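Colleague: Put chains B and C on the given structure of chain A with help from the hints.
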Amino acid sequence: MFSKGSSFDTDNIQAISWKQQTWSKNLPQILIYLILVVGSVLYIFPLIWMVLTSLKPGYQVFSPDLLPNPAEWNNYPRSLTYTGLDFGKLYLNSIVITVANVIGTLLSSTIVGYGFARLQAPGKKFWFVLLLATLMIPFPVTMVPTFALFNWLGWIDTLLPVTIPAFFGNAFNIFLLRQFFLTVPIELEEAARIDGANTFQIVYRVMAPLVLPALAAVAVLTFQNTWNDYLTPQIYIRDQSLYTVAQGIRFLRGSLNPQWELMMAAALMAMLPVVILFLLAQRFFIEGITLTGIK
Amino acid sequence: MHKPLLLGQAGGISFLKLSRFLKPGITFNTSSRPPSSLRRKESLVFYLCISPWLIGFFLFTAGPMLASFFLSFTRWDYFSPISWIGARNYERMLDDELFWTALRVTFTFAAFYVPLSQLISLGVALLLSQKIKGVSFFRGIFYLPAILSGTAYVVLWVWLFEPDRGLVNNLLSWLGIKGPRWLSDPNTALPALVIMSLWGMGSSLIIYIAGLKNIPPSLYEAAALDGANSVARFFYITIPMLTPTIFFNLVLVLIQTFQSYTTAAVATGGGPLDSTLFYLVYLYRRAFQNQEAGYASALAWILFLIILAFTLLVVRSSSAWVYYDSQRGGKDEK
Amino acid sequence: MANKLARLTFGLVAIFLCGLLAACGDNTTTASQTTAAAASGATTAAAASGATTAAAAASGQTVTVRIGTGDSGDGLTPYNQTIEAFKKANPGIEIKVEPVTDSDYYGSLLTQIAAGKAPDLIFIGDDEVANFVKKGAYEDLTPYINGTTVPGVKLDTGVFLPNVLQPGQQNGKQYLFPKDFSPVALYYNKALFKAAGVAEPTDNWTWDDFKNAAQKLTVKDASGKVSQYGVQMTAAWQRGFEALAFTQGATLIAQDGSKYSGYLDSDASVKTLQFVADLYRNGAAAPPSDINKWKGGNDNFANGTAAMMLDGRWPQANLLKNPKLADQIGLVGLPKGAAKANAINWGGFGIYSQSKNKAAAWKVLSFFVSPDGGGQFFKDWGLTPLQPIAAKSTSSLDKVWTAQADYFKPITANFTPYWNSAGSKELGDALTKVITDPKADPAAVLKDAAAKADKALKDKIDSSK
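Protein sequences, first through last, are from chains A, B and C. Residues in the first sequence are numbered consecutively from 399, following this note's numbering. Residues in the second sequence are numbered consecutively from 4, following this note's numbering. Residues in the third sequence are numbered consecutively from -3, following this note's numbering.
Just chain A, same shape as in the assembly:
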């Protein structure tokens, strides 16, 4: 679906690099593999340990046994309710917020990115520099007045402050999409215009499909950022029934008697959506990171 005419394709680049010279051809392969394998095991072991802990019966968590015996699958359903938080609801909140952010970012960043890529107007340079400059403004500087604004609007303890801003675009994504629109041949757009399409149709019907890989990268990164975000919901959402999953996990951390097997089960489930997305769309994550350089 994405491969035709895709302007970047990791596998392709992989193939190129396979043949290409690098800084060293003398490092023994065995040594490289050894380092990489040991490193990977060390790297992945925390997650394995997490899975093992999550399956242990409570009394086994502080025993030296590595493997759960017997595996306590019940930890997973139990972890969803044991602190009194209704995680079912939290998942729903997180899903709503994440989907709204992905849709909002895609809709707005696409049209703004197109504007900056293809249209001319007085002041355009100024706004474009400003757009890039906003990349440097740290969130904390705007945090307090933005809270005051949403507070004044009565939006505290609603999902609005964590969803609506996405509909106004995000500088990195706008910039990324602009770069991609620049690579689309102008002839395609002109052909569509001759056929009577307006700008709106051109952007969403003609241009967007041509930069689908970029849109996919924006989508997965927005998904990941929103799902994992803790600070923003923490500022605006104090009502536990509107908590996100990330806030719920923080709540577990605060619980008086840590039941690590349940906490690990809950944390693992909280990670799962992003992990699944990563397994399905790894290349878009990697391309997105490569292109925007943001986490």
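It should be emphasised that the hints constitute simulated quantities derived from the structure, not laboratory data. Careful, some of the hints might be misleading.
Far from chain A, by Cβ distances over 12 Å, these chain C residues were calculated [as the list claims (entries may be wrong)]:
{"id": "1", "residue": "E90"}
{"id": "2", "residue": "T138"}
{"id": "3", "residue": "K150"}
{"id": "4", "residue": "T153"}
{"id": "5", "residue": "V155"}
{"id": "6", "residue": "G245"}
{"id": "7", "residue": "A250"}
{"id": "8", "residue": "K255"}
{"id": "9", "residue": "R277"}
{"id": "10", "residue": "S366"}
{"id": "11", "residue": "S391"}
{"id": "12", "residue": "N416"}
{"id": "13", "residue": "K443"}
{"id": "14", "residue": "D458"}
Quick list of simulated restraints, FRET-style, between CB atoms [unchecked claim]:
{"id": "15", "chain 1": "A", "residue 1": "P455", "chain 2": "B", "residue 2": "N232", "range": "53 to 61 Å"}
{"id": "16", "chain 1": "A", "residue 1": "W471", "chain 2": "C", "residue 2": "K221", "range": "31 to 39 Å"}
{"id": "17", "chain 1": "A", "residue 1": "I501", "chain 2": "B", "residue 2": "L308", "range": "29 to 37 Å"}
{"id": "18", "chain 1": "A", "residue 1": "W471", "chain 2": "C", "residue 2": "A187", "range": "28 to 36 Å"}
{"id": "19", "chain 1": "C", "residue 1": "A195", "chain 2": "A", "residue 2": "Y474", "range": "41 to 49 Å"}
{"id": "20", "chain 1": "B", "residue 1": "D98", "chain 2": "C", "residue 2": "G103", "range": "18 to 26 Å"}
{"id": "21", "chain 1": "A", "residue 1": "V673", "chain 2": "B", "residue 2": "L308", "range": "36 to 44 Å"}
{"id": "22", "chain 1": "B", "residue 1": "L315", "chain 2": "C", "residue 2": "E94", "range": "47 to 55 Å"}
{"id": "23", "chain 1": "C", "residue 1": "E94", "chain 2": "B", "residue 2": "L308", "range": "39 to 47 Å"}
As the structure is a computational prediction, the values presented were derived from the model and not from experiment. The beta carbon of each residue, even a glycine, is placed where N, CA and C say it ideally should be.
Modeller: For chains B and C alone, kept in the frame of chain A given last:
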């Protein structure tokens, strides 16, 4: 026309352009088309298209920034009338022990995390740029933790660092070492957070891998013909050619590090004995727990200025150590 | 209502955006028109239903009393049970519980109070009573008690256990009434005492007896690693320390709330801290699993690796659910130092000073804290402050808990509105210091803490003038 955008470059461009913008005497330039009869209409459409961002810019960036600057000279609890107190918030910082603690903690964390994360991710990237099979598999593994960032990530590490039965101290005890009490000890809590954060350095790794792939193979071939050995090639080709990527990563990680919040907020809440009181954790406390909007705004501006100063420092210094070849400069336009 | 408003705003923003997108086209497209129309349809519906609700509320006759509480989840069950009972006897008064998350409970309340929108009944803990009263958040309930303010609705204060009304008082007036409370006491594991051949604690134990037993009950395995600790202490928990300090005859602040120096660093306080430090340093006390958490996050007593535990009543319900532990748990009051003493942990309700439903709120409050309605609030967490309900308890452990009420001394937070912003942190830091640094000198650490707390206190007092 339809040429692939070089990986690692697009992201760099923004800072490249910015850095030029920030340097006096170099003007920023974009391509322009000849004027047409449709110009006025096109302008209108342009402004309509960018209006979501434009409105968002005024509502969520420019407006709040000005407001926060104004608030930094006031006392306000979000409800009572705002009272102007001049520079008292800034004076108060000089006397505020926790402010200095937060600065010290944040700088110490950055001083360890930034170089370590860059060294490790560059090292792994160099290994992964070798001619070996399974690169994407290894890359996936090293990158995976980075996408898990967030509270679940931190809670996992709190468990790993649990002093009596956590994985870290278990491993140490197999080696015959009695592990420290990590997050419960003011001396080891910050190092624990550095280790915790290093696990998620995947983004830098990916950008380095892309940067390495960008180095034209012809350079290596030519050097090999000239009889340069791999050490020479590494220091005379790889490193210089990689400096733009290093520069980009450095700026990015620095900005992110100064704004670290979740790690300390979830793992330690800033304790024990304020040994992990990240700047933003302290700022959050002032802004939303003590409802000191004025003082918090002043703190936020100081953070902004610090980040700005560091970024400018790196950007200004870049001419001395970042290598841009003319070809890259050319691609940069449009 | 807020939800309706939110939806309305969302609809408006949706229209606004659709409009923008549509306008961005040279010709208006049918597709975007449809979207905009759909969105505006949704908005009209939302606005209409909002109006209906408002109208219904205006015409209704019932009074709604809002209760702000830090409880949530299962903690709300007792509220709901009490409310059911109340509504049977009092038709016409609706009760709405508004749980606030624990992360920033007081902050949220103060925000609501500043905006004049706080709940009619506000629950807070003992640590903030003085502060909230100083801020004028609470109604003086003294004239309500004998039924003069709300005719016929009296409250019999004779039913309360000794000393449990005191934390709700300021300047001799009663502002809050207790929901539940807990002393600090000494849990012990009978099986572990028996195995070590140590006599079980009694009410007449001194701290020396306690220390000797803790040392005897500390067991090391062949490799020198401690496999069982004598005691699980309360780490950096300030109130836990305060309870111990009281037994040594110390008070932590001047009675007029003016300074910590001379109190927090008095000989008796230093003696208490030295005692705590020694237990941790000689290995008899389990080191905190997580000193950043309340009471150190240990579960050694629960999993049988500590023979004794100093704590409140809160973990008791869970301990009793543990089949290995349930019939092995013993409990006595704090050992004696200079005197028998204890420190209360307390939470209570008061009426918001700007409430528009004070009469109804008093009806609810007086029901909630009386033997008729207050019976639900103590089962799994704190203790009931009500003598008649406590007397009915068949739990031998609860009898020990209840008996500790006789020994309460007024806590530091009673004497200053600034405990949470000046004093609490400094004491917590002092505790953390001596626990994590084996070389820290308790006398020096407390002297430093008292000086810092005094500075913070002075700042607070000055800035409130």
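Colleague: So, for every hint listed, does it hold in this structure?
Modeller: Consistency of the hints with the structure:
| no. | hint | verdict |
| --- | --- | --- |
| 1 | E90 | 20 Å, holds |
| 2 | T138 | 33 Å, holds |
| 3 | K150 | 36 Å, holds |
| 4 | T153 | 32 Å, holds |
| 5 | V155 | 30 Å, holds |
| 6 | G245 | 31 Å, holds |
| 7 | A250 | 33 Å, holds |
| 8 | K255 | 33 Å, holds |
| 9 | R277 | 24 Å, holds |
| 10 | S366 | 27 Å, holds |
| 11 | S391 | 21 Å, holds |
| 12 | N416 | 18 Å, holds |
| 13 | K443 | 32 Å, holds |
| 14 | D458 | 25 Å, holds |
| 15 | A:P455 to B:N232: 53 to 61 Å | 58 Å, holds |
| 16 | A:W471 to C:K221: 31 to 39 Å | 33 Å, holds |
| 17 | A:I501 to B:L308: 29 to 37 Å | 36 Å, holds |
| 18 | A:W471 to C:A187: 28 to 36 Å | 32 Å, holds |
| 19 | C:A195 to A:Y474: 41 to 49 Å | 46 Å, holds |
| 20 | B:D98 to C:G103: 18 to 26 Å | 24 Å, holds |
| 21 | A:V673 to B:L308: 36 to 44 Å | 39 Å, holds |
| 22 | B:L315 to C:E94: 47 to 55 Å | 48 Å, holds |
| 23 | C:E94 to B:L308: 39 to 47 Å | 41 Å, holds |
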